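We have chain A already, so just place chain B on it with the hints.
Chains A and B supply the protein sequences, listed in that same order. Residue numbering for the first sequence follows this note's numbering, beginning at 1 and increasing consecutively. Residue numbering for the second sequence follows this note's numbering, beginning at 1 and increasing consecutively.
FYI, nobody ran anything at the bench for these hints, they're computed from the structure. Treat each hint with caution, since some may be false.
[Unchecked claim] Within a straight-line C-alpha distance of at most 30 Å, the following computed BS3-like cross-link-like pairs (lysine-lysine) qualify:
no. : chain 1 : residue 1 : chain 2 : residue 2
1   : B       : K79       : A       : K31
2   : B       : K79       : A       : K70
3   : B       : K79       : B       : K375
[Stated by the list, open to error] Calculated Cβ distances over 10 Å to all of chain B for the following chain A residues:
no. : residue
4   : Q8
5   : R24
6   : E25
7   : L35
8   : I43
[To be verified] Partial selection, computed: residues in chain A whose CB lies under 7 Å from chain B:
no. : residue
9   : V47
10  : L63
11  : Q67
Everything numeric in this text was worked out from a predicted model, so none of it was measured. Glycine is no exception: its CB is placed at the ideal position from the N, C-alpha and C atoms.
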Amino acid sequence: MRNAIFLQVKEILSKINGQIDAGRELTLDTKWRDLGMDSLQTIDFIVAVEDSFDFVIPDDDLLIQDQWMKTLGSIVSYIQQHIHA
Amino acid sequence: MRKPTQRYSDIQARQLQKIQSLVTYASQNVPYYRKLFQQPGMQILPLRSLYDFEMLPLVEKPTIQQNWHAFLSDQFAEKELVIRFTSGSTGQPLKCAHSVAERLVLGRHMMRARMQWGVTFPARWLILGGAVRFASGLLQKHEQTMKGGEDFLMLSTLELSPAIAAEYVQKIQQFQPQWVYGMPTALAQIAAYAQQQDLQLHIPGLRLIETVGELLHDNQRQLIQSLFQVPPANQYASREVWGIGFECPHGQMHLLTENTYVEILRLDGQPAAIGEKGEVVVTGLNNRAQPFIRYRLGDIGVIYDEPCPCGNPNPSIRLTGGRVSEKIWGMEDRVGTLVFDSVVRAMCQRGLDNILQYRVVQRTANRFEAQVVPKGEWTNAHQEFFVHQTRKLLREETEVQIVLVDSIPPLPSGKAKSFLVDLAQEPLATYE
Numbered sequence: 001m002r003n004a005i006f007l008q009v010k011e012i013l014s015k016i017n018g019q020i021d022a023g024r025e026l027t028l029d030t031k032w033r034d035l036g037m038d039s040l041q042t043i044d045f046i047v048a049v050e051d052s053f054d055f056v057i058p059d060d061d062l063l064i065q066d067q068w069m070k071t072l073g074s075i076v077s078y079i080q081q082h083i084h085a
Numbered sequence: 001m002r003k004p005t006q007r008y009s010d011i012q013a014r015q016l017q018k019i020q021s022l023v024t025y026a027s028q029n030v031p032y033y034r035k036l037f038q039q040p041g042m043q044i045l046p047l048r049s050l051y052d053f054e055m056l057p058l059v060e061k062p063t064i065q066q067n068w069h070a071f072l073s074d075q076f077a078e079k080e081l082v083i084r085f086t087s088g089s090t091g092q093p094l095k096c097a098h099s100v101a102e103r104l105v106l107g108r109h110m111m112r113a114r115m116q117w118g119v120t121f122p123a124r125w126l127i128l129g130g131a132v133r134f135a136s137g138l139l140q141k142h143e144q145t146m147k148g149g150e151d152f153l154m155l156s157t158l159e160l161s162p163a164i165a166a167e168y169v170q171k172i173q174q175f176q177p178q179w180v181y182g183m184p185t186a187l188a189q190i191a192a193y194a195q196q197q198d199l200q201l202h203i204p205g206l207r208l209i210e211t212v213g214e215l216l217h218d219n220q221r222q223l224i225q226s227l228f229q230v231p232p233a234n235q236y237a238s239r240e241v242w243g244i245g246f247e248c249p250h251g252q253m254h255l256l257t258e259n260t261y262v263e264i265l266r267l268d269g270q271p272a273a274i275g276e277k278g279e280v281v282v283t284g285l286n287n288r289a290q291p292f293i294r295y296r297l298g299d300i301g302v303i304y305d306e307p308c309p310c311g312n313p314n315p316s317i318r319l320t321g322g323r324v325s326e327k328i329w330g331m332e333d334r335v336g337t338l339v340f341d342s343v344v345r346a347m348c349q350r351g352l353d354n355i356l357q358y359r360v361v362q363r364t365a366n367r368f369e370a371q372v373v374p375k376g377e378w379t380n381a382h383q384e385f386f387v388h389q390t391r392k393l394l395r396e397e398t399e400v401q402i403v404l405v406d407s408i409p410p411l412p413s414g415k416a417k418s419f420l421v422d423l424a425q426e427p428l429a430t431y432e
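One chain only, chain A, in its complex shape (with noise of 0.2 Å):
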């Protein structure tokens, strides 16, 4: 399952930003800020997850984003923990 969303995450991330996977690999250690993604791009990535695995980011949720989209690890936690909600 896990693993499952990962690549989803992953997929995500590229069709918002199709640079994002050059010349490196996407773990689920990679950091968030590292990524590099504006502003828009975050949240077209947020709106695409939210449809994508069928629930809606609590809005207090968004505002403690900084705690759980640390890592690509940790924000497939997150999707996780909330499509079994």
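Leaving out everything else, chain B in the frame of chain A:
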């Protein structure tokens, strides 16, 4: 007098939860509110109802301008915040602070509103505007910048003419946007010039023309649709709280109730009934770094609470009057509010943020009087930048007289306009 329907009452109940959270947060972390809730008679936390909430004072832009740090949350270092300035259509630019996370929440609500028009993100996005970036020389007249230069095209509307409109139509046709974003005045002007030259666009993938910053008049709506073949959708937003309302494909501007709580107040300050006109007062439900609670936007509007065929359960708002741009006399390709808004915002971005309020009055084709209420000492640097920037956007020989004043009263109409044309002091023959 009509009361809210059960549907709207349910929405308000959900909004109350967010208001409770916001006000509690503000009472703990924002100096202005911390002090407020220590005053006699203000031991009303936690709020139990919207009636409790209405005990909080209305907040006006000058109050925040003059006590800026008192409205900032202690939980954020100023350097962590994203600072932007409101447009100066009322002549009072305000420094707005948002955290990075807040911008995601506010942006997500706007994106969702856009998606009801069929926009899918990431979208090919055309902006007709970007005044500050163009005015400050950061961008050239037109530029593709973002996301590898393929998904984003920005075209300046600081100067529009039949030739520029023709050039833009060609570029837009080539770019094939899915989403167009711009001020009604500029979009309608381009459309009018295109119509004069019998130019047309064919953009099968275009889903949304989002108009911003002004009322969208019927004649503008028709002009814009005639060029783009898609009806424009007006949004109602502010730089303070972002999304307030967004027009649906059935022409209703639905409130974005997850993002903003809107009150309509009568002249006596009492809540207006559904369908009754009054002053728009907003509360940003997701603002934390600089909360805007019961904030007077200066607009006049009416809330309607009727089912809409689009299925959006939120009530709608209709704005009446206000926020209209004025063209510069003798330079009809320039919009005065836009030009001087760009001048003032460029000053702010340059670290010369010293204008509490301003109004520019055009006295002759080439002479402008800028009435300025300064925040602090007005130096040569402020003077020179204002004049230099104005000449850069208008003509090198433009005369700018800056008059420092203590206050700028609203016009007889009640509007606080930042630009107006008053040629009464000069004989008309001067311009012929």
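Hints versus structure:
1. B/K79 with A/K31: Since the Cα atoms of B/K79 and A/K31 sit roughly 22 Å apart, the hinted pair holds (cutoff 30 Å).
2. B/K79 with A/K70: holds (20 Å)
3. B/K79 with B/K375: Given pair B/K79, B/K375 holds - Cα atoms ~22 Å apart, limit 30 Å.
4. Q8: About 16 Å separates A/Q8 from the closest Cβ of chain B, which puts it past 10 Å; holds.
5. R24: Answer for A/R24: holds, closest chain B Cβ roughly 17 Å.
6. E25: holds (21 Å)
7. L35: holds (13 Å)
8. I43: Violated, since 4 Å does not exceed 10 Å.
9. V47: holds (5 Å)
10. L63: holds (5 Å)
11. Q67: violated (10 Å)
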